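Colleague: As given, the protein sequences belong to chains A and B, one line each in that order.
Take the position in the first sequence, starting the count at 1, then add 34; the result is the number in the numbering used here.
Take the position in the second sequence, starting the count at 1, then add 64; the result is the number in the numbering used here.
Worth flagging that the hints you see were computed from the coordinates, not collected in a lab.
Source: prediction; values computed, not measured.
Incorrect hints may appear among the rest.
[Claimed, not checked] With a straight-line Cα cutoff of 27 Å, these simulated DSS-like cross-link-like pairs (lysine-lysine) come out:
#: 1; chain 1: A; residue 1: 315; chain 2: A; residue 2: 227
#: 2; chain 1: B; residue 1: 88; chain 2: A; residue 2: 227
#: 3; chain 1: A; residue 1: 315; chain 2: B; residue 2: 279
[What the hints assert, rightly or not] Anything over 12 Å on all C-beta distances counts as not near chain B; from chain A, calculated:
#: 4; residue: 133
#: 5; residue: 183
#: 6; residue: 207
#: 7; residue: 246
#: 8; residue: 259
#: 9; residue: 302
#: 10; residue: 303
#: 11; residue: 307
#: 12; residue: 356
#: 13; residue: 383
[Unchecked claim] Distance windows between CB atoms, simulated:
#: 14; chain 1: B; residue 1: 313; chain 2: A; residue 2: 126; range: 20 to 26 Å
#: 15; chain 1: B; residue 1: 220; chain 2: A; residue 2: 80; range: 29 to 35 Å
#: 16; chain 1: A; residue 1: 81; chain 2: B; residue 2: 366; range: 46 to 52 Å
#: 17; chain 1: A; residue 1: 388; chain 2: B; residue 2: 254; range: 38 to 44 Å
Note that beta-carbon positions come from the ideal geometry of N, C-alpha and C, so glycine has one too.
These are the residues of each chain, in order.
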Amino acid sequence: MTAIADIPEAPRAARRPQIGNPVLRWLRTNLFSSIPNGILSVVLLAVLAKGLFSFAQWGIANAVWLTPANDSSACRAVRGVGACWAIIPEKYRFILFGTYPFDEQWRPALAVLLFIALFYLSTRRALWRRELAYLWIGALALISMLMWGGILGLSFVSQDRWGGLPVTLILATFGLAFGFPLGILVALGRRSKLPAIRSLSVLYVELIRGVPLVSLLFMASVMFPLFMPNGFNIDKLLRAQVAIILFAGAYLAEVIRGGLQAVPRGQYEAADALGLSYWRKNRLIVLPQAIRHVIPPLVNTFIAFFKDTSLVLIIGIFDLLTTAKTAIIDPAWQQFSVEVYIFVAAIYFVFCFAMSRYSRSLEATSGR
Amino acid sequence: MTSDAPRPPPRRRFFGAFGQRELKGLFWQALVVGIAVAVIVFLWSNTVTNLSARRITTGFAFLGREAGMPIADSLLAYNPRDSYLWAFVVGIANTLRVAVIGVVLATILGTVIGISRLSANWLLSRLAAVYVETLRDIPLLLQLLFWYVLMQALPAARAAWRPIEGVFLSNRGLILPAIPIGTPQLCVLGTAVLGLVVFYVIQRRLIAQQMRDGKPRPAWPFGLGLLVVLPAAVSVLLGVPWTVEWPQLRGFNFVGGLTLAPEYFALLIALVTYTSAFIAEIVRSGIQSVPRGQWDAANALGLRRSFMLRQIILPQALRVIVPPMTSQYLNLTKNSSLAVAIGYQDVVSIANTTLNQTGQAIEAIALIMAVFLTISLGISFFMNWYNSRIALVER
C-alpha cells in the first residue's frame, strides 16, 4: 500500500534542490524519499541480495559446467546444491534440431539464420517496400529447400524428422505469413455491408477466439483425418500448421478491424468519389492507413502467437519445447530438467524480448 | 476546368430499381456462402463415410455409459463407475476451480505489481518491470512445465517443508489447515450471502436518497449489521463448530486439512503469475491514463490519499482497465486447458481421455468447444454489463 501512496510523490521529490554528492542525491530521491520508502528499500535489498546469492551459489559456484560425454555422475554428486549446466553441451544439438540427421544439421541451422535475417530486415522501416514481399517469398522458398532437400545434391529429409527451433520458427512464420492475409480478408468481411459475408466473418472470429488453441490442435490432429476423403492424408506438422493459421487469422482479424475503424470516414468517401473499385479502394487507401495504426498491437499479437506455437507439444510435434522435454527423458539426465527449461526459456525470451523492444520503439516513434 | 467533351450517358439499369451495386453484392454473397456450404458438405460427407467405415456411431449416447477413468483430484464426488456425463461435469468443475481462483489471485497480484511499477521507489519499480518482462516473454506452457518439475522435486511427505505451522509443502502438494464445511457452516455462509444482497439494495436506496437531497448517509452501519453481526448471531445460536482441522503426517501421507495436488498447484501458480504480468501492464496504463491534473486538483483540495484514489483516480482508471481485463480473464480461462500437459484433469483432459477410449472425437471436441464458448460468452456478457455501468456517460 505504500506503493499507492508514492505515486504523486515522484515530481515533488524531483524538485529538490540539486546539491550534494550525486550518488547520495540519487539514493535519496529514488530509494529513501520517505521513511516507509526507506524501509521498503532495505527490505527489498535484503530479499534481492538473498535471492541473488542463493541463485549464484546454485547456478555458478556449485554448478557443473562440463562432464565427459554421457556421464552424469559429476552432476548427480552436486544434485540439490548446484546446477548441472553440463546437460546443455550434452544435449543442445537435440534440443535445437531434434532428430534431424546429425551430419545435415547445418541445414536447419542455416534456415534459422535465414529466418533471423528475414525478421531483422522486416523491422527496418526504410525497407518497407514491395521488394520486401518478394524477399519473403524467396527466403521462405530457400528455407523449404534447405529443410526438405532432395535437390542440388541435398539429401531428402522427411518432415517427421524435423524438430526443435526450426519447427518453432516455421510454425510461427508460416502461421503469420498466411494468417495475415486471411486476417485482412476476415476483417474486411466483418465490416462489409453484405449481411451474409459479415455474419460468416463474425461466426469465424468468435468461434475461433472462443475456444482454447489446444482444442483446435486436437481437432487438427484427431478430426482432420475424419474430414478428408479416404486415402488422403496430410502430414501431422502441416495439419497443425493449418490449425495455427486459422487461429492466427482470427486474432489478427480483430487487430486489423481496430485499425480499419480508426481510418476516418472521409478517406472512404474520397476513395468512392474517385470512383475506385472496392478492392482498389482498400488496397491503395484504406488498408495502408489501417495497418499503420495497428503496428504496435500487431507486433504484440506476433509475440503472443510465437509463444503459443509451443502448444503443439500437446499433440506431439517436435518443436523447441517438445525436444527440450524429450531430451530429459534419458534416465541419466532425468533430474536436470530445470536447467534445460531455463536454457529453452532463454531462447524464447531472446526472440520475444527483441520483438517487444521493437514494438516499444515503434510506439515511441509513431508520433503519439 | 471546363471540358467540352460530352459526358457519357448514365449506365442503363437492367433490373429496374435493382442497381449494379446490389447485384454485385448479391453475387459476392452467393459466391462466399456457396463456397462455405460446399466445403461443409464436402467435409460432412467425408466424415459420414469415414465414421461408417470405422464403425463409429455418432451421437451423444456414449455419455450415459460407464466412464471407467480415474480422476485423481476432483471437487465433486466421483467414482470410475460413474457415467461419462458425470466425468465431464467433474471436469468442468475442475476447470472452473482453476479459472475462478486464478482470476481472483491474478487480479490481486497483477494490481499490486502494476502499482509497484509506478512506485517512486526505484528498486521496487525496477523489480516489477523485470517481473513483467520476464514472465511475458516465456511461453506459458514452458512455465507450467517448469513449476510442475519444481513441485515434483520437492521433498517427500516425511521431510515436507513447513513454512508456517500447519502448512506443509511436499511432493504431495500443498497441504493447508482447513475448516470442514458441513450443513451448519453452510447455513451461516448462506446468511452472509443473503445479508450481502440486502446490503446492496439498501446501499442503492441510500445513494438514491443522497442524489435527491445531497445529504450523505453512511451505509456502513447496515453493512456491519448484515454482514458481521447477523451471521455471527446465527453461528452462536446454532452453535456451529468452527474447529480448524490441522493436517497431520500419518505414515507416508497426510490426513486432514485441505490438499492442493501438485498438478493443481502448479497450474494455478503458472496461470496466476503469467496472467498477472499482463494485468500489471493494464493496471499501469490505466492509472497513467488519468491526467496529471486530476492528481493535482485532488491534492489542492486537501483530500486524503485513500479518498482521492477511491473516489477520483480509480473510477477514471477503471474505464481504461476493464475492457482489456476482460480479455485477460478469458485468456486465463482458456489457458487452463494446458492442464492436459501435466495431467490435471480439467474438462479438456477428460474429453481427451474420452476421445481415446470411445473414439467419439467429434462429440468430445464439440463438448470442449461448447463448454469454453459458454464460459467465454458468460464472462464477456458480465464484463460488458459492468463496463457499461462504469463507462463515461456523455451527451
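Colleague: It remains to establish, for every hint, whether it holds in the given structure.
Modeller: Results for each hint:
no.: 1; hint: A:315 - A:227; in the structure: 15 Å, holds
no.: 2; hint: B:88 - A:227; in the structure: 12 Å, holds
no.: 3; hint: A:315 - B:279; in the structure: 59 Å, violated
no.: 4; hint: 133; in the structure: 20 Å, holds
no.: 5; hint: 183; in the structure: 29 Å, holds
no.: 6; hint: 207; in the structure: 16 Å, holds
no.: 7; hint: 246; in the structure: 4 Å, violated
no.: 8; hint: 259; in the structure: 8 Å, violated
no.: 9; hint: 302; in the structure: 15 Å, holds
no.: 10; hint: 303; in the structure: 15 Å, holds
no.: 11; hint: 307; in the structure: 15 Å, holds
no.: 12; hint: 356; in the structure: 10 Å, violated
no.: 13; hint: 383; in the structure: 5 Å, violated
no.: 14; hint: B:313 - A:126: 20 to 26 Å; in the structure: 42 Å, violated
no.: 15; hint: B:220 - A:80: 29 to 35 Å; in the structure: 31 Å, holds
no.: 16; hint: A:81 - B:366: 46 to 52 Å; in the structure: 36 Å, violated
no.: 17; hint: A:388 - B:254: 38 to 44 Å; in the structure: 54 Å, violated
Checked against the numbered hints given earlier, the structure breaks hints 3, 7, 8, 12, 13, 14, 16, 17 and satisfies all the rest.
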